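Visitor: Single-letter residue listing:
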Amino acid sequence: MMEIKKLKSFLFKETSAAPMIVFRIAFGVMMFLSLVRFASNGWIDALYVKPKFYFTYYGFEWIKPLNEVGMYLVFAVMMLAAVFIAFGFLYRFSAITFFFLFTYVELIDKTNYLNHYYFISLVSFLLCLLPDGKKVVPRCAILTLQIQMSIVYFFAGVAKVNADWLLNAMPLKVWLPTKTDVPFIGLLLDETSVAYLFSWCGMLFDISIAFFLFNRKTVWYAYAVVVVFHILTAILFPGIGVFPFVMIVCASIFLPASFHERLLKLKIENRKPNWKTNSQFSILNSQFLVICILTIFFTIQIALPLRSHLYTGNLFYTEQGYRFSWRVMLMEKAGLVFFRVKNTAGKLVEVNYRNFLTAQQEKQMSTQPDMILQFAQFLKTQYNTNEVYAEAYVSVNGKGSRLFIDPNRNLCELEESFENKNWVLAAK
Amino acid sequence: MFKNICAVAALLLLLGGCKPNDGGDKFDRAAMLTNLVNNIIIPAHQAFSASAAQLKIKKDSFTANPSSVTLDSLKAAFLSAYISYMKVETYSFTASGETRTLNVFVTDTSQINTNISTGAYNLSAANNIQAKGFPALDYLLFSRSSNEIVNLFTTDVNAAKRIQYLNDITNEIATTASGATVAWNNSVSQFISASGTDIGSSAGMLVNDLSFSSERCRRERVGNSLGYIGTISSGNIAPYLLEAYHSAYSKELLAENLRQLKTLYEGGSGSGFDDYLTYLNAEYNGQPLAPAISNQFDLVIQKAEIIPVNYSTALTNNRPDMESLFLELKKLTVMLKVDMSSQLGVIINYSDNDGD
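Chains as they are written, first to last, in this note's numbering: chain B, 1 to 428; chain F, 1001 to 1356.
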């Protein structure tokens, strides 16, 4: 009992709310800008209006996109909610709205799965629960966000502990030489030794950074390294979008409260900031309930990246347990699938399926067994047939193309499940 | 402290990698691009432009005086322009303009006839994409006997309108060809300076064009007519789906298309993607990838060349050969689209979305 009391008093000790407030403002602004970028790139239309077919998540097949107006409206409301979160206006309601809409959009099509979108869903979920706009918050509020960040880094690092990454410097050995046009450092990127250096440093950074961020003595150095690391990745891999900036901004939750206080006083001294008003842990007054929810949340967070170990076969081929596990930029995978269906005359014909998929959908589907199966089921109904076969080739981390899916397996007879996918050939 | 040591070590290693004597054995992508654009792409466009201009001249003599003699020389000009079109069809660069729209088959003959009889059409419109360019000429000039064709352009009720349509589609070919040639000439330095392999880079686009063309060749020049690929067609042989069905030039075009793709891949006798893959030590089933792709090209070219001139009947009579060609083209496509692209770090089928 003593320990539990101690734990409680540790977790619920009142600390400065400034880091939370800065986090909330930064997150809101960041999300607003990301959504504006998303919309102005025409991606609402390209990803959620144009496609004729969507790769739903297992168990979430009921999630469907709205019509064009509806999708634009969803994004408009999300933008508004992001602004409200930043200003702390209708904060709780805005956070809940943002979380549900953002997660809804992400669940529409797994083609668009990105680890940082998942991260945003998780953080916005936490923002629904955590206290807002006050002078003080229980320590567990800030701790929760810090632990969430740590999980991302740590598991991203653990995922890099594999032979391809460490012993062969793959996929960086392939990716870095494509960036030799980057000013200054570009000259170095053709060097194999640089690929090894980046691989090892990246792994060490991911695994260790959270510990240095937690340590008061090293937090500023660690944060500087975070900034440099993510800016480097942003320069080298512009394709990863806003991810580096999201991480730089969110990692500021580790910085000392005194820093955030100074930041806020500078910014909003004359504006009657609502963070000065004193109030209680608003949505969840029961400390027990908070502990329970967070315990469950983090148990799931730790279990998800480990679930891949429950499966046999090579993870890079089966991708069973690959998503939601912080496996970021881990492999170079390219694929090509030929689908054959039995037509009404009883003959097997290859179908040109390009018209059903966007380029991005085709690219993602070609390398991921669950999506190949899903699409085969779609072709089954599309062609009103009972036999669909996929002849798929995939190359992982430069190992060369391999036959990937059992071409003699009628995919109509299979169903998506959490079971081992023994029809993934290259995994054996 | 550990972090500091790490950072210093990293910096030292980075600087250590900077030794000037390491500069010698780099693969020079800009040199490869220079070779490709100056010795392959530009000459290809010049040749196409010249043969398209010649086609226009022969068309003018035919329309001025339609006879079996002027028709024959127009047909010859058509075939030589079609062959040289194979050299430029692959490229999807901005400079290529609408070049790729000049050869979308299967020919939409009913759309052509509607266009002729109404006289009201916009060749740039989407519904006319299979009613213009080479597939339309193939139909207009070859679908009947020479005498009948001449009659269609002289005594037929729609003769004047048909002449007008012939003028319009031939002129569009010539204009597109000369426009693309000018545009390519003007974009040489831009092409060379985009020397990365990321999205929008010249090498990145060429790798995409190569794998797209290989896939298209397999599907449209071989698979469709064999009945192997279809929407949900009967799965039977369908000669009318062939490219250049009426002129029976399908086999020559197929072989030429594959030869051109090989030339682009190897950079002719200069620096090309094969050299790049060799530099990267890329492997395919434990063997070097670069010669494996070259050999695969040779194999499919050889298999295309042994198809009898009458491609339509070969679909039935030489079925095992055709099947084997189809199979080897699949292998080639996998090599280009999966192996080569992933070794070069080129993203295939890109759209400009984020990824991680």
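It cannot be assumed that every hint is accurate.
Said to hold, decoys possible - Reference listing, derived: stretches of chain B covered by chain F, where coverage requires no fewer than 3 residues with Cβ under 8 Å from a Cβ of chain F:
#1 141 to 147
#2 299 to 311
#3 349 to 360
#4 389 to 395
#5 398 to 411
Derived by calculation from the structure, the hints in this document are not laboratory data.
Since we're looking at a predicted model, the values are computed, not measured.
For glycine and all other residues, C-beta sits at the position ideal for the given N, C-alpha and C.
Visitor: Hint numbers the structure violates, sorted upward?
Guide: Checked against the structure, the hints that fail are numbers 1 and 2, while the rest are satisfied.
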